[in-house]
Amino acid sequence: MKLLHTADWQLGARVLQAGPRASDVRKRRLKAAENAVDVALSEDVDLVLLAGDTFESHDVDDSVVRAAVRLLDQLAPIPVYVLPGNHDPYVAGGVWDRLSWRRAGEHVHLLTEPAERLIGDDLALYPCPLMQKRSPRDPTGWIPGREEGDERIRIGVAHGTLDILPGDTPNFPIAADRAGSASLDYLALGDWHGYMKPSSSTAYSGTIEPTGYAEEDPGWVVIVEVDEAGAEPRLRKERVATLEWVRVEVAIRDVTDVRAVEERLGDRSDWPDRLVRLRLELLPDCTDDGASEFAALRAELEEACLLLDCQVEERAREGVSLPEGVPARTDEILATVLDGRIPDGVGRAVSSEPEAVVSEARALLHRLAAEVDR
Amino acid sequence: MIVESITVRSWRGFRDRHRFELQEGLNLLVGLNEAGKSTLFEVLQRTFFDRYNGSSQELKAMQPLSSSLGPEAELIVRNGEVRHRIVKRFLESAEARLYSWRSDAWELDHEGDQADARIRALLEGDLPGRGATKEEHRGLAQALWYLQREDALPSDTWNAAVERGLQGMVEVVGSTPAEAALLSRVEASYSEHWTPTGKLSSKSPISELRDEIPRLEEELAKLEDRLADAAGHRESLEHLALERREKSERVASLERDAVELQNRIDQAASLADEKVAAEGALDDLRSDRTSLRARLEQIVALNGQIGTAEAEVADARSALAYAELEEEKARRRTTELRRRLKEDVDPRLKSLADRLQRLEALQEARQLERDEARCRERGERLDGMRSKVEGLEEEIREMRAPSAEELETFRETVKEMDLARARVDVAAIRVRFRLDHDVDVTPDPPVEPEDGEYLITTSTRFELPGVGEIEVSGGGADLEELHATIEEIQENRDAVLARFAADDEQGLYDAHEGRSRLRQALEKLESNIETLLEDGDPAEELEELRERLRERRDSAAELDAEDLALEGDALNRRLKSLRTDREELADAKDELAAEQEEARDQHVEAVEAKGEADSRLRERTASEKSLREQKSKLLEQHGSVGKLESLLETQDAKVGAKEKELEELAEAYAERVERPRERLEDLVEQISGLQKSLNQLEVEKARLSSALETLAGENLYSRTGDLEAELEVKRQRLPVLEHRAEGAKVLRELVVDLLAERSAVLAGPVAERVTAWLGELTAEAYDQVELTAELKPASVRSSRYRENLDVSQLSHGTQEQLVVLLRLAIGVLLSDEEPQLVVLDDRLVNSDPVRTSRFRPILQEVCDSCQILLATCNDSAYSGLGARVVRIPDDGQDPEGS
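Taken in order, these protein sequences are the chains called B and S. If you read the first sequence in our numbering, its first letter stands for residue 1, the second for the next number, and so on. If you read the second sequence in our numbering, its first letter stands for residue 1, the second for the next number, and so on.
Derived from the structure by calculation, the hints contain no laboratory data. All residues carry an ideal CB built from backbone N, CA and C; glycine is no exception. Honestly, I wouldn't trust all of these hints.
As a list, the in silico SDA-like pairs of lysine to any residue whose alpha-carbon atoms are at most 20 Å apart [what the hints assert, rightly or not]:
| no. | chain 1 | residue 1 | chain 2 | residue 2 |
| --- | --- | --- | --- | --- |
| 1 | S | K745 | B | E314 |
| 2 | S | K730 | S | S100 |
| 3 | S | K275 | S | E674 |
| 4 | S | K745 | S | E757 |
| 5 | S | K329 | S | H603 |
| 6 | S | K199 | B | E353 |
| 7 | S | K745 | B | K27 |
| 8 | B | K27 | S | E726 |
| 9 | B | K133 | S | E238 |
| 10 | S | K745 | B | T242 |
| 11 | B | K133 | S | I213 |
| 12 | S | K745 | S | R185 |
| 13 | B | K133 | S | A609 |
| 14 | S | K745 | B | S352 |
| 15 | S | K633 | S | D652 |
| 16 | S | K633 | S | R618 |
| 17 | S | K730 | B | E313 |
| 18 | S | K730 | B | L306 |
| 19 | S | K745 | B | I342 |
| 20 | S | K730 | B | V312 |
| 21 | B | K133 | S | K633 |
| 22 | S | K745 | B | E353 |
| 23 | S | K730 | B | P20 |
| 24 | S | K350 | S | E360 |
| 25 | S | K730 | B | R277 |
| 26 | S | K745 | B | K133 |
| 27 | B | K133 | S | R185 |
| 28 | S | K745 | B | A356 |
| 29 | B | K31 | B | L71 |
| 30 | S | K745 | B | E371 |
| 31 | B | K133 | S | G232 |
| 32 | B | K27 | S | E235 |
| 33 | B | K31 | B | G194 |
| 34 | S | K792 | S | Q815 |
Only part of the chain S face toward chain B is listed, based on derived beta-carbon distances under 10 Å [as the list claims (entries may be wrong)]:
| no. | residue |
| --- | --- |
| 35 | A181 |
| 36 | L182 |
| 37 | A231 |
| 38 | E235 |
| 39 | H239 |
| 40 | L711 |
Given these sequences and hints, build the entire structure.
Structure representation (structure tokens):
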């Protein structure tokens, strides 16, 4: 028996972190789902399990539901079993009640009841659909153990948090040994966005497309093969994601630091598929070359990446040459204030300004001076 | 920077090419009014600072009159070691070019806007707006060039227009290019967010964000409201689903109960038949009993009715006997009354009426006799009057009297004759004799003199005794005609008088009046006759009266003698008495007739009462008979009332037994059929209600689902997400920008404070120099000049009175001289490293000759470090200063140029 295990498609997700590129990212999620369908077709699987959170919300645009149905219909006649997750629980008026969803082909089965479901003679499916968004109850708790003489392959599909994962109050907690205790040959899980295989017969496929910077190892589907009841399943990851979310936090002192950032961002040809969050500090002793190089890299990233979210913490740089006269005196007064002292005469009023503003004023002065120098 | 030459063409009065060479030091531009001195300064200003491609009215005004050629200028300047050639043409084929002298040739450095900007930078000028350059755009030249039409000192205009220029100049003063560039960037950074007065600029991205964020928030709130609507619908649907499930389960449960009850009812179906049969039997028994009871009750009722009928028959018989008696009494009375009327009253009444009629005829005959006498008398009077009328008519006929017309004609004739006579008098000859002695004059025919004068109307002979005769003739034919006319009239008059036998006119008049009186008397008589005839003709009346009198006398003839003898009052009294008797007897007759009528009515009533009593008796008798027959018929089946009562008791017992049996059956039926059926109906009703409620839930579900589908089609989720993302970006950006803007503001304010401090320091040397020069100019009348931090003259101190005077207190000439000195001092200070061009466009014109001569050494001193262009009409005041005198426009004539 060969199945494709996927989860957390989160179609229609708003992806606020993508800012102005949120719409593009939503399209990319559909593209990743399309990749997953292609994998299932090419692998010629016996069935497809969608372990929850197919949709980001019950409110997703109807066009998203229609697109999902179109994709799933491509899998016909491979049976597809769709489990409602905590983002799209099975509730009245939810996304599953949409006319668009109801037009899905007959091979698409929405798992709405926690009851054994026989698929052919050799496979028993134990779905654990969610009926609400939050609950401290283990949705897999109802799965019965194998009866004596039962030779069928038993597969569970659930959506929740394995109790070995971090977190104080897990939503829909799932016992880590559920596969063993319920004699399941494989427990297909959803909710965790990165691929994870906590035991030989339990796995999170992870989301098909990362949804932010903080996720670990997202972007896969899993091909699961089970030869017979009691045999250890064979798992194989297949990459379907189209985007990479890269987060870089670094302090720049010289060109070397800029080069390191560039390397972290990988090949330039991949940059259009990157969403990059840069948190940089231009150190006070940053060299002019370093600053210039960084400025150039930033401009390049802004142009090439799908998104660049760049924040630079800049302090007044040391070693900047200021023209004599008013500029030099200005810098001297600002430095005096930042040093916690109150200057005499002109500039005394500056001491009443917030330190951050005075620091910004001095950084600006230095930046402008550097520009003049250039 | 100094200017070596100015070349101009097609510029106001300079239609042809003019080139003016200048030297370092003092240059005097000398010319009459409108020679073109100020035009050359305009050339400098426009060429250095104006956009070459501008099209303002100021630029168009530069074109020579009736010319469409573009004004053009070429300046050769020297800035440090570098010489530049500036070429500009405005309006038509506009161009700007900047050359530099390198390797013995002019090399083009810049063209167009770039050239414009570089040229402007030579004097640190600012980019003007769309119009022509203003003073504040002139950079250094703002302070150094003192042109016509620019105010000297008035504080308001000076503050508004010149202050910025002076400040700009001061910023430049003493600064290096690097410093200037940096400060310029500081200013630019500040200007990104702030206005010059420190307010947030509307063009600042902060302003845009502050405007945009609330708008996006509002838009987002609307979308979120729609999403909340969807969530609300979903929650409602969940409640509906829960309610639906509960109700469906309840329906299923109730349906199960209903099936069970129906089964129990079906099992008890035979009980219903038994009950129906028992009910039928009981109904039959009750019906029989009711029938028997009704029959018995009928017989009892008939017995009562028969008793009553017997009593009524007896009453009817008594009533008939009484009615027959009454009828006889009434008949007798009626007969008696009729006899009394016929035999007594009527004959008496007739006798009385006859006598009364005859007496009335007698009375009427007496009256007719009196009328006959009166009528006869009236006839006689009428005959007399008619006789008088005939007499009068005869008298009038025989009377000779003129009519009124004839009398008038006679009068006219008399007047006519008098007139003719008067005319004869007029035509007559008057003869008066005045003789010396009395002589009896005798005329022939005789004429009586009037007052001694004779009026001669015909030939007359006068005899004068003792004198002789005088014959007078004359008067002519007219006089004769008049005499003839008079005679004719006189004959007519006499004929009239003779016809009416009158002597004169009076006689005629009297005759006329007499006949008038007779006619009046005749008319009166005729009127009286008509009055008498108004009551009818007496003859006819008399005939009628006599006829009537005969009739009356005939009627009264049968009266006895006593009655016939009655007359006047006695007759009246008798008539009155008889009439009273007749009326009394008539009344008595009426009473008897009424009494008879009443008796007749009573008789009729008695006859009717008798008939009614007879009918009633027959009716009661028949009724009694009918009742007895009914009773006999009812008792036919049962023999007697006692037997019937016994049969009824037996039937009551049967009914009681059947009722008890049915009661037991009904109890069993109610327990096993009726109560379960009621329960079943209740269940069915509940199920129906629940299904109705379920249907309503389905309708509501459909409505909510439809609303959700609609909302889902609006892409609310993605739109909200996109909006939130956009908002978040802007929210994050706003504090960053605000932080930067605050930093830029602090930096700029600090820079401005430091520049102001430096300006104040700079004011010292300027003030020192101006003080020295003003002392020279005014022969030490003022020994100190105070300048503001912005290098504006504030006050001067009088050396004599040791008091400070506000600049506005100085004379206009002195104020202007002070401003010139200020600009010269600034010029000297700015020319420390590089000589600067100072322009004075006839600004010393208000100086007196003494002051003008005292200016000479000052100008000499300034010339050591600056280039001066001084426009004047009179160059003699500046002779000996080594000035280059440029005659305008002659010295500019270019023999080569065209």
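The hints, checked one at a time:
no. : hint              : in the structure
1   : S/K745 <-> B/E314 : 18 Å, holds
2   : S/K730 <-> S/S100 : 50 Å, violated
3   : S/K275 <-> S/E674 : 12 Å, holds
4   : S/K745 <-> S/E757 : 18 Å, holds
5   : S/K329 <-> S/H603 : 8 Å, holds
6   : S/K199 <-> B/E353 : 17 Å, holds
7   : S/K745 <-> B/K27  : 44 Å, violated
8   : B/K27 <-> S/E726  : 18 Å, holds
9   : B/K133 <-> S/E238 : 13 Å, holds
10  : S/K745 <-> B/T242 : 45 Å, violated
11  : B/K133 <-> S/I213 : 32 Å, violated
12  : S/K745 <-> S/R185 : 13 Å, holds
13  : B/K133 <-> S/A609 : 113 Å, violated
14  : S/K745 <-> B/S352 : 14 Å, holds
15  : S/K633 <-> S/D652 : 24 Å, violated
16  : S/K633 <-> S/R618 : 23 Å, violated
17  : S/K730 <-> B/E313 : 18 Å, holds
18  : S/K730 <-> B/L306 : 19 Å, holds
19  : S/K745 <-> B/I342 : 19 Å, holds
20  : S/K730 <-> B/V312 : 17 Å, holds
21  : B/K133 <-> S/K633 : 99 Å, violated
22  : S/K745 <-> B/E353 : 11 Å, holds
23  : S/K730 <-> B/P20  : 11 Å, holds
24  : S/K350 <-> S/E360 : 15 Å, holds
25  : S/K730 <-> B/R277 : 17 Å, holds
26  : S/K745 <-> B/K133 : 50 Å, violated
27  : B/K133 <-> S/R185 : 56 Å, violated
28  : S/K745 <-> B/A356 : 13 Å, holds
29  : B/K31 <-> B/L71   : 10 Å, holds
30  : S/K745 <-> B/E371 : 19 Å, holds
31  : B/K133 <-> S/G232 : 16 Å, holds
32  : B/K27 <-> S/E235  : 30 Å, violated
33  : B/K31 <-> B/G194  : 18 Å, holds
34  : S/K792 <-> S/Q815 : 12 Å, holds
35  : A181              : 5 Å, holds
36  : L182              : 5 Å, holds
37  : A231              : 8 Å, holds
38  : E235              : 8 Å, holds
39  : H239              : 8 Å, holds
40  : L711              : 8 Å, holds
Hints 2, 7, 10, 11, 13, 15, 16, 21, 26, 27, 32, counting from the list given before, are not met by this structure.
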